[in-house]
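With chain A held as given, fit chains B and C onto it using these hints.
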Amino acid sequence: MPHFLNTQDWSRADLDALLALAAHYKRQPLGDALKGRAIALVFFNPSMRTRTSFEVGAFQLGGHAVVLQPGKDAWPIEFDLGTVMDGEAEEHIAEVARVLARYVDLIGVRAFPKFIDWSQDREDRVLKAFAKYSTVPVINMETITHPCQELAHVLALQEHFGTTDLRGKKFVLTWTYHPKPLNTAVANSALTIATRMGMDVTLLCPTSEYILDERYMGWAAQNVAESGGSLQVSHDIESAYAGADVVYAKSWGALPFFGNWEAEKPLRERFRHFIVDEAKMALTNDGVFSHCLPLRRNVKATDGVMDSPRCIAIAEAENRLHVQKAVMTALIRGL
Amino acid sequence: MPHFLNTQDWSRADLDALLALAAHYKRQPLGDALKGRAIALVFFNPSMRTRTSFEVGAFQLGGHAVVLQPGKDAWPIEFDLGTVMDGEAEEHIAEVARVLARYVDLIGVRAFPKFIDWSQDREDRVLKAFAKYSTVPVINMETITHPCQELAHVLALQEHFGTTDLRGKKFVLTWTYHPKPLNTAVANSALTIATRMGMDVTLLCPTSEYILDERYMGWAAQNVAESGGSLQVSHDIESAYAGADVVYAKSWGALPFFGNWEAEKPLRERFRHFIVDEAKMALTNDGVFSHCLPLRRNVKATDGVMDSPRCIAIAEAENRLHVQKAVMTALIRGL
Amino acid sequence: MPHFLNTQDWSRADLDALLALAAHYKRQPLGDALKGRAIALVFFNPSMRTRTSFEVGAFQLGGHAVVLQPGKDAWPIEFDLGTVMDGEAEEHIAEVARVLARYVDLIGVRAFPKFIDWSQDREDRVLKAFAKYSTVPVINMETITHPCQELAHVLALQEHFGTTDLRGKKFVLTWTYHPKPLNTAVANSALTIATRMGMDVTLLCPTSEYILDERYMGWAAQNVAESGGSLQVSHDIESAYAGADVVYAKSWGALPFFGNWEAEKPLRERFRHFIVDEAKMALTNDGVFSHCLPLRRNVKATDGVMDSPRCIAIAEAENRLHVQKAVMTALIRGL
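Protein chains in written order, with our numbering: chain A, 1 to 335; chain B, 1 to 335; chain C, 1 to 335.
Simulated from the structure, these hints should not be mistaken for laboratory data. Check each hint, because a few of them may be wrong.
[As the list claims (entries may be wrong)] Chain A is faced by these chain B residues, among others (derived, beta-carbon under 10 Å):
id	residue
1	Met1
2	Gly36
3	Val66
4	Val67
5	Glu78
6	Thr83
7	Asp86
8	Ala89
9	Glu90
10	Glu91
11	Ala94
12	Val96
13	Tyr103
14	Lys132
Every residue, glycine too, gets a C-beta built ideally from N, C-alpha and C.
So that you can see chain A by itself, here it is in the shape it has in the complex (with noise of 0.2 Å):
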């Protein structure tokens, strides 16, 4: 059974699907390709577009969606097989997921790292284990990659451009400061899309601290191999900046501080100065910029950036209703 955990585990014929649907939805609202059809919405995290955006989905395409918010923190699932089951957890994750997949024809799933020990958040346990025992597909509403943010992002920039081609474009996923370690996902999942779509990629950051987990700078080489287009890392703001078609922010902690956080924050402190602001993008090929939501003005990007008209961060949220459509309808009835 299909399940979109990843935009690496689906082939670019059927990404460029979803697009293509994806763009149709955002044409026509409306449909029935849900019609009687419900998804539950799984929130060990909270989230406001996230939510908002499937659960409209759902319904303009004659379907439903069920929030289920288990709590801010852990949820007491047991995961492991075998476990005597005498401590906090009340439930295993194979009748959650069994019995919820009787009820719903989809399961989305939003569950962020516990931020204690990556070697343990790196294997995305809570969506595998929906997706082993659920009967019905699983969508990452977003864990340690966000898929979705994904297409909505690769839907801006072609609608921008005019050419759902992006080959060519130089692609600069930079750094940005922010007071907290965040969460790797969007810039994982970044890169991953990036490369797919055979962009020209420099991933901008402070220290090689900052460097992402080699499964995802693996994931975009092999699409560089793949789809042509490049990848580098680059430290130098000014040389990463020159030329750029594109300029996406993100703020994540540094891996090998993982759970350590108080050792970071030097480090991290001594960067404020990769705010996206009016004279780096000047640096730039008219190029556009986004970011994929939360931000703070002025610490991730200046006020003038945000209220520019190449900023198209408003315009990639919007995007998240129409992909996910695409996702949820190619998921029920293939593409």
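Just chains B and C, lined up with the frame of chain A:
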């Protein structure tokens, strides 16, 4: 673009049209005015009646309500422009409102005062910021006024008196005791709409400290000038109730003590006898009693008053459903 | 007006009709029995299965469920008449229920015991108060009984045995260990419905302290008198399991220790061996196993039992959807 922030922003003809449409929906609950449309209900404070009536109302008209509850306390949103957002706020209202408006056709906002500084709370910043940045109509679901409650109350009075013309009725808005200093929103609203409808309005409160903000006293004075009727402030229970056709009860905190509530407490405690009881109601012109709910029985009003056939509080609460359907319809397709 | 508070209030013919309608909905999920209708689901305690199955069920029949979660703990509602409400309660159940009933066509209520005083909890005050004041039908979504679970279980047994007639089956309701003292609701319900269906019922529990409340023991005795079958209490695992056709497991707190749970703990800890395991199931007549979920694996039942083809817990959970649709339909348009 039209919003529904305060009845005072709407013409009397449009308010009358809303009330007529609400009366229609009361007779004919189902319709398709919101077919395929979505409304986001953003609750910064909890709700049961407002949430249920909006959600059911949208459903009955073919639409869908997405309920967003950013938390009981403050949602870390920045409202000022130009701020360096390195504190608690993760997102600027400009992005929140603009993105929501891409997903839905209407946005409802409930944002109570913070009860610390009335000079700030009276700016109604959250509601106004949504109205500023949203590209779809915004509805006030209670902030420092409560216009949906106003229309529900007027509809209940029109039903009770068997006429849409309420001129000449004696309307008493009476302060009542409550152990906590409550929002003035419903009091502001009752004063506003009762004068708008041309009634003879008495604001009955224990002392001059309980007079409402000058903005709403000013709206009331303006309404009297334009619609006829009259307005007086009274601290005398007997003369206020004498001959009343309508007694509308509400408790609120005294504005001169705003944020300094311990100092108000001794004053407030002296006025427990403002409770609406059978003896006071006997002074009226066979008047009706109402309240916006929730109501503490035998504190704000006695069981005898609440369970009397002259109590129209349940009918008023039901009318929330009908008037809100009218407001949503008007904002989507005009009157 | 009919409510669905307990199966014991319904005639056997009506229960059979509900089960038949549920079986119909299992084959034919979509319908219009709730077209334009709304149900309020009032959860005083958290839920995943109940909430999802009611919400999806209403949707599949053209209706809409509004989920109200007044909080994990007590919602400050007053239930007595005549009280001066100057404490915590902001609202009286009379207003809550009457207003909700103006907005929706059905009200579901989940209200667990408070686990302090069984003589109070056994009054089922919250559910009964809703039933008293609501002018629309009320459904028990689990309080001190769980009638929806009863019907789901019976439907699963009927499916398993290929007949609607369960007379002559040996039904064992076995207490199991759990680290916490749980609600007796599902145990009360299992005893009630198994005797109602005329089965030969054994209540297996460690000691006489774990015998259920006399109300439910009384219902069971009455059912045996009317429907045939039998009822016995046993503290002997081997003879209880011997020849069983159905093993239904549940943990619950011993009523003599209600509210004094530390004193129960040493007693409870002696009976961890009540776990349902393969050895015990081997004593049965190729019996089926079920449980209402959530279930702690290897505490209440072993992995081997849960993952066996004789476990029908997932089917029972699925049936919640179907029986609840039948209940909602029956309450709206009759059987």
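Go through the numbered hints given earlier and state which of them the structure violates, listing their numbers in rising order.
Going through the list in order, the structure violates hints 1 and 14 and respects the others.
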